[in-house]
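Engineer: Residues in the first sequence are numbered consecutively from -2, following this note's numbering.
In short, the hints are calculated from the structure, not lab data. Just so it is clear, CB atoms sit at the ideal spot from N, CA and C, and this is done for glycine as well. Hints are not guaranteed to be accurate.
As the list claims (entries may be wrong) - Estimated spans, in silico, between C-beta atoms of each pair:
1. F215 <-> K113: 49 to 57 Å
2. I514 <-> K459: 26 to 34 Å
3. N91 <-> D251: 51 to 59 Å
4. L277 <-> D121: 38 to 46 Å
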Amino acid sequence: MRLDFLGNLRRTHMCGELRLEHAGQQVVLLGWVNRRRDLGNVIFIDIRDRNGMTQLVFDKGENAAMHEKASALRSEYVIAAIGKVRRRSADTINPNIATGEVEVTVDELKVLNDSKLPPFLPSDTSIANEEVRLKYRYIDLRREQMQANIELRHNVAMAIRQSLSGQGFFEIETPFMTRSTPEGARDYLVPSRVYPGSFYALPQSPQLFKQILMISGFDKYFQIVRCFRDEDLRADRQPEFTQIDLEMSFPQMDRVFEVVEKFLEAAFKAAGIELKSPFLRMTYDEALRQYGNDKPDMRLPAMSDIRPAFTDEDLAELRIDPSMEMVAIRIPKVGKISDREKKEIRALSDELAKRNGNFAGVFYDFSQMEKKRPAVASKIREICGAEPDDLIVPVVAIASAEGKTHSAANKRAQFTVAGEARLELGRKYADRHNAFVRSGDAARDFRFLWVTDFPMFEYDEKDQRWNAAHHPFTSPHDHDMDKLESDPGAVRALAYDVVLNGTELGSGSIRIHRQDIQRKIFHSLGMSDEEAKSRFGFFLEALEYGTPPHGGIALGLDRIVMILAGADSLREVIPFPKTAKAVDLMVDAPTPVSDVQLRDLGIVVKPQR
RNA sequence: GGGGACGUAGUUCAGUUGGUUAGAACGCUGCCCUGUCACGGCAGAGGCCGCGGGUUCGAGUCCCGUCGUCCCCGCCA
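Work out the full structure: start from the sequences and follow the hints.
Structural biologist: Below, the structure is given as structure tokens:
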């Protein structure tokens, strides 16, 4: 096949643009052959670009030469069609496409490029498996759905940029090659050639740089920025991902919330969704108590405290430990539960109890309770606001002979188990109860929530020490400062998460701006002055030079777009994502490198194979 | 690191209790067709059943290992 050059040919319209009003006009369309329908003496070609599709007509009776040329076209050839827009006769209108009222009769066809037959076609109705899609990502990205997702991503990012810029934020770049601060996630390391044995690290977040930008007097900073974490992947976790990172000087928490609500409103508006602000708020303790979870899905019913349903005699006879929490999970509209499912629910109880260590709670078989203790059962139904078809699972603790289950940690574990059970059961019965059904109203119901007052520290049982729950630059509550030494577990932080329908979208805090407090925190974390200095010396020093009170937040752009696109995986909204084993199937990375490269870097590697 | 699901034609899948020549749809190639739009009709090509080993007279099917993809737990301050 002879290929044509573009020459000085200029596109007049995109392929999805033509309407009735264009009838009679001479147009130039440039794009790909989406489908061809060869009827013998007439050939229809759908020409496609990112904007849509137009039907081209090649009629042998009208233009034999062009018809001949068109008969050689195949899927994904790149063509230029010069022709006239024609109104379709009433019986040939295609209401399924935007350009369905017109077609283009082609006077001149240029084949700008041919194409090997791809392993799958963008126009295929069934979607190829992900391994194939990722290897031939450039084909996959031609699919209408992927084009829409990437466009949505662009629109959302632009709306956020505009909103933040309008709110007085500067977009400022921070380095990708920076310093390793081993804590939290593993760093991706970049070896230095100039200093053999030394490494840069790719940032897990621009945390310290953005704080230093506040010290530098920039007042309000943001960046839509790539971050890197060398940890195992999930459907909603990629090793490189994009954050909307921002920091501001002199804010209270509420000011940060206002800024975020404003740009999220703009972002969702770009996707055609009106949000209600301000968002709901809930403290960490409340969230745990009501949902057993620090990122509750507000579309779901909260758990209920069912203690009032029991008399003391009930508790004694049922051997329920009254010092523990008593809550019930309600999953709406599940309907009848089979014996097998009851067994599965009990098994889930055991599994979750095991996962949460020493917790001694159980799921009570509610149907049995309804038989044996109808008064208690109906009281529980009442407390939960249960409808007849709802599944109720009471979570209580059975009094043990040793009576060992009363610690605060165990109570917390009990809420957690109940919360996890609620999620698992919700997933399990998703096709039956309506709250999780994607196609239902729930899929377009966006319930934002601010979770506040996170604990400052978490105790690490394994290492027998306190860790920063958020990060060590988070400011404790003013009035909890005196508990830093005496009762670290009770110290609340000025830290907050923004949560959407059970997904954590972002996390931030008011930071420590005083060097004396920062030192205290490092002490509480069991870090000596020397150690703090060697790891964060540059930052501690910066804090000493007139640091304004400041705070900020970072939100996952990929997750926001994923939710807006109604996708199940980040890979659907990231153009070139990695597999669950962190491999890029298209470029085949990572790869071994040459000995010469390694020698230059002063690295000796033992071959693995 | 652990658990689970999957791997058969270019693609999506079926393949019974282990039994003759491994099927379908879409795609592809050729022919026919002037109003299709997921065009239609006829004919055809296309398979290391992921890979390696084992059990068996006989393996796509059973067993072991291995590789890959996906999901979950751990991990992700």
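Engineer: Should the hint that L277 and D121 are 38 to 46 Å apart at their CB atoms be regarded as holding?
Structural biologist: holds (43 Å)
Engineer: Just to be sure I understand the hint, the distance between the Cβ atoms of N91 and D251 should be within 51 to 59 Å; is that true here?
Structural biologist: holds (53 Å)
Engineer: Between I514 and K459, does the beta-carbon spacing fit 26 to 34 Å?
Structural biologist: holds (28 Å)
Engineer: Just to be sure I understand the hint, the distance between the Cβ atoms of F215 and K113 should be within 49 to 57 Å; is that true here?
Structural biologist: Holds, at about 51 Å.
Violation of the numbered hints given earlier is absent; every hint is satisfied by the structure.
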